[in-house]
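Asks: FYI, the numbering for the sequence shown is -30 to -1, 1 to 258, going by mature numbering (1 follows the signal peptide of the UniProt record, and there is no 0).
Please note: incorrect hints may appear among the correct ones.
[Claimed, not checked] Okay, derived cross-link-like pairs now, DSS-like style, lysine-lysine, Cα gap no bigger than 30 angstroms in a straight line:
#	residue 1	residue 2
1	K123	K165
2	K107	K165
3	K123	K35
4	K107	K35
5	K140	K165
6	K140	K35
7	K118	K165
8	K118	K35
9	K140	K107
These are computed hints drawn from the structure, not numbers from a lab. Predicted, not measured: the structure shown is a model, and the values here were computed from it.
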Amino acid sequence: MVQFVLLASCAMYCILLLVSLFPWHHHATAQFLEPDCGYMSLEALQNEEHQAHISESPWMAYLHKSGEFVCGGTLINHRFVLTAAHCIRADENLTVRLGEFNSLTSIDCNGSDCLPPSEDFEIDLAFRHGGYSRTYKIHDIGLLRLAKSVEYKVHIKPICLITNTTLQPKIERLHRLVATGWGRSPSETPNPILKSIRVIRVNWYVCSDTYWVDRRRDQICVSHESGVSCSGDSGGPMGHAIRLNGRVVFVQVGIVSYGNAECLSPSVFTNVMEHIDWIMTALSTSHL
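With the hints as constraints, model all of the structure from the sequences given.
Replies: Take a look at the structure:
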């Protein structure tokens, strides 16, 4: 049985790994939750299509209930998946599927290039932010602890989370981002294949005028360059590729929270950097 925990935000107290980060053409010191994270293949970096490349997002989590898709999420280490708080309900027995790309096929292939089968994981503990409000949709962030440790493979790897909050001003200057998910199309047709869309961080008044909500630092307002963010994208990631030690990694910046019912711009994302202390506290509280 899954245990549910409401956890309020408090100070971070973990020993973190220092790595070198070069996302803005100068040296900076960053702290990543996982040292070997966010790997992107050459094919993924060259992808300009709405459909994600088969090897583009090995951190994507497909949250389902008896096979029916519920929400997206991201693998952040060997035991935890990051998602939206509104995806976590006490009355739903969710399962986490990792290594998924096309939910209609048992083996995902791009020509002769095939991935190993996806893997399902049971959940034994769920954290939902103590400040989350289903009415006001604030602090829409949660964590799912998997019942067993994940073995990283070619199609199952963690996304990068920057835990050094002093880099937040630089993160906030990243305006062109990418969101990924299995969300429904504007025609309400389910998307069995993982999609990616390009989004632009915009001034909060764009979301304020649309949804009549006050400006909050824990949320990000985005408009869409191409594609739209729909109901099925909930819990999925928004992020940016950066250069690190001669290779490119993908850093998560936001979590899909809510948007227009007709899948129109703009959309609201939970700001991951504003909740990094809460994430670290939850991981420590779980005694991992």
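Asks: Hint by hint, note whether the structure agrees.
Replies: Cross-check of the supplied hints:
no., hint, verdict
1, K123 - K165, "holds, 21 angstroms"
2, K107 - K165, "holds, 24 angstroms"
3, K123 - K35, "holds, 24 angstroms"
4, K107 - K35, "holds, 23 angstroms"
5, K140 - K165, "holds, 27 angstroms"
6, K140 - K35, "violated, 38 angstroms"
7, K118 - K165, "holds, 28 angstroms"
8, K118 - K35, "holds, 18 angstroms"
9, K140 - K107, "holds, 26 angstroms"
Violated hints amount to a single one, hint 6; each of the other numbered hints is respected by the structure.
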